[in-house]
Amino acid sequence: MSSPSARDGGEAEETSRQPRAEETGSQPRAEETGSQPRAEEVRRRWRAGGLRSIAGVVAGLALIGLWVWAAHLLWHSSEPAGSHLAQLDPSHYFSRAFLARSASYQRFLDIDGLLSTIALVVVLVIYAARGARLMRESAAGPIGTGMLLGMLGFAIVWLAQVPFGLAAVWWERRHHVSHQGYVSSLVESFSALGSKFLFVSFALALAMGLARLTRSWWVLAVPLFAALALLFSFLSIYLIPDTHPLRTATTLTDARQLARVEGIPNTRVEVQNVARFTTAPNAESVGFGPTRRVILWDTLLDGRFDRSQVRAVLGHELGHLAHHHIAKGVGWLALFLIPATALIAYFTRGRGGLGRPEAVPLALLVFIVLQLIALPLQNIVSRHIEAEADWASLRATHDPAGTRSLFRTLASSSLEDPEPPTWSYVLNANHPTIMQRIEMVNAWQQRNPAR
Amino acid sequence: MNEHPIHLVTHDDLRRSRLTVFFRALLAIPHVIWLQLWSYVIVVVAIIGWVAALITGSLPAPLHRFMAAYLRYDIHVRSYTLLIANPFPGFVGREGSYPLDLIVAGPQRQNRWTVLFRLLLVIPAAMISAVYGYLVLVVAILGWFAALATGRMPMGMRDAGALGLRYVAQTAGYALLLTGSYPYSGPTAAAATKLVPPTGPTTPQAPTDAPSADPAATAFASSDPASFGSQPTPP
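Taken in order, these protein sequences are the chains called A and B.
Note that the working numbering has the first sequence beginning at 1, numbered continuously upward.
Note that the working numbering has the second sequence beginning at 1, numbered continuously upward.
Heads up, some of the hints might be wrong.
What the simulated footprint calls covered on chain A by chain B, stretch by stretch (three residues with Cβ under 8 Å from a Cβ of chain B suffice, anywhere in the stretch; the number is not a length) [to be verified]:
(1) 151 to 160
(2) 190 to 198
Far from chain B, by Cβ distances over 10 Å, these chain A residues were calculated [what the hints assert, rightly or not]:
(3) G56
(4) A59
(5) S78
(6) Y93
(7) G141
(8) H179
(9) F202
(10) H244
(11) T248
(12) R260
(13) N266
(14) E270
(15) P376
(16) R408
(17) S413
(18) L427
What the hints contain is simulated information worked out from the structure, not anything from laboratory work.
Glycine residues also receive a C-beta, built at the ideal position from the N, C-alpha and C atoms.
My request is simple: use the sequences and hints to build the entire structure.
The following block contains the structure:
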């Protein structure tokens, strides 16, 4: 196995050796009679180079075509076109006092998040420039050292983001959205950093291992990472802490009935205990096949939400599972990884390629910046998927009033701004806004006037 | 005193990176997982080795090499996690690759009776090893604060940790049939741990520190600079 630099060196040596071979012994004859064969050789090489360029362009266009075709397939939704009414006035659904309070609450969190992102980028830029110095802290080989540099990059980012995280906790506590303590919040985020370390180590071990084998490592890395993401999604239920099976009889009955309606009978529902950290309600769907689950936070079942509202949540999460949103998410990830890994390979060439540990800080910067650039697009996809799940819920529950009241209660319990400013919507909203969701409910009701 | 077939050599300069010290427990996670995976294989290899040693009277050389590498890697990871050494270790337990290294002598003939009853014989040593393990942990916790504050590990703490690790390594080596010599826990235990004095301008002066003044250790370091006198070579 040879490192990219070794390959580079080898090629350089080979090209520098060629003229010497031509010079030795045959120089006089080449001057007299060799000009025609040499010109022929140049023409042959030029033709070969041209053919290679054409093949490269064709392959590139084919890849782009495949990419667009795959994106088109993944974009397909069961939500009909025009399922939103014209913009509604939020003051018809929420008091002016709530609208002002939620806007102020969200504004602080948005600005805090923005500053945190700026800190992230600044830290990574500095780390990309100077991080390679930390190689001295490693006695491991190139891949082990790369893993260390990857982890240290995330460690420094964590340190830089701690103040913003604590500011968010302070703000949430002040508005009674969270009652998590500062120390508890720090310990939790520190522990979560352990998972990030493990993830980045594993990802770098694979990517660097491939990069040390071939310069086109990214072509192999994309399907490999997509397969691993699929495996992770399949096993994710086992990584969610503090869960227990749903025991509330009425909710269990509703879950079974809705699962049958949505075509995924026998889907299990579990409850995650989070009430000691937060009052915010939430739910999620995880896994596929035998590990398919709906997870309800216990804050959804503490009495603030009535049966019809919990049914709407169940319908939404089951909608995600019924429409294979988890697998689609992995598909979108693969589509993102194609340009992202190719660009990482391109940008790290100056440091000898990703196979070398000194390229890792730069690779981290490139990856995070690409993620930030792609964030608005990711949010568009995410909102599209969430809208489909909302529509699936309405079709399963046939309860627009319950769904509408759910969205109103969700907004009031999380102090969510029903209609955030455009910049915040573009950068942060991975769900439709509360008003968009209410608009969809009204649209569904117009299409099904009997309900 | 005869040298134990399993002993430690340290070539640590006591410098500690505050950044890696702060995150040390998390940075060790990939190693801990890899070590765990490796240990599953070791269980199988140890059983095969036990049968082979019962028949032939010594551990076959390939099995000995494999288990010695495992034990060396285990000690590298413990040294890193418990702040007894500074750099991030490699993943293969290669000899000479880490400032705190485990030296394991080659396969020796062993008494078949002690091989047969090895798991029973190791129990007393395992109990002492557990006590040493707690000692090393306490040293690591105190050392964490000291290293964060000063950027250095106090030499006494580093040496205490190394001595604890040495006993742990000898016990594990005895259990894995890497040696027939029983772990040594005597009062002059430092003799089995070669503590090579740190060099350079930041070397702390410790005239009363017996291990670092050990002439054998110094001579060993200077006579074999390739292994112990220079920065470890990455595998």
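Cross-check of the supplied hints:
1. 151 to 160: holds (count 4)
2. 190 to 198: Since three or more residues must qualify, the claim that chain B covers the segment 190 to 198 of chain A holds, with 5 doing so at under 8 Å.
3. G56: Non-interface label stands for G56/A: nearest chain B Cβ at 36 Å, farther than 10 Å.
4. A59: holds, 36 Å
5. S78: holds, 41 Å
6. Y93: holds, 45 Å
7. G141: It is violated; G141/A is separated from chain B by about 4 Å at its closest Cβ, not greater than 10 Å.
8. H179: holds, 27 Å
9. F202: Non-interface label on F202/A violated, nearest chain B Cβ at 8 Å vs cutoff 10 Å.
10. H244: With a cut-off of 10 Å, H244/A remains clear of chain B, as the shortest Cβ separation is near 27 Å.
11. T248: The claim stands: T248/A keeps its Cβ more than 10 Å from every Cβ of chain B (closest is about 37 Å).
12. R260: Label holds. Min Cβ-Cβ 41 Å, cutoff 10 Å.
13. N266: The claim stands: N266/A keeps its Cβ more than 10 Å from every Cβ of chain B (closest is about 34 Å).
14. E270: The claim holds: E270/A sits with its nearest Cβ about 26 Å from chain B, beyond 10 Å.
15. P376: holds, 32 Å
16. R408: Label holds. Min Cβ-Cβ 42 Å, cutoff 10 Å.
17. S413: With a cut-off of 10 Å, S413/A remains clear of chain B, as the shortest Cβ separation is near 34 Å.
18. L427: At about 29 Å from chain B, L427/A clears the 10 Å cut-off, so the statement holds.
Consistency with the previously given hints fails for numbers 7 and 9, ordered from lowest to highest.
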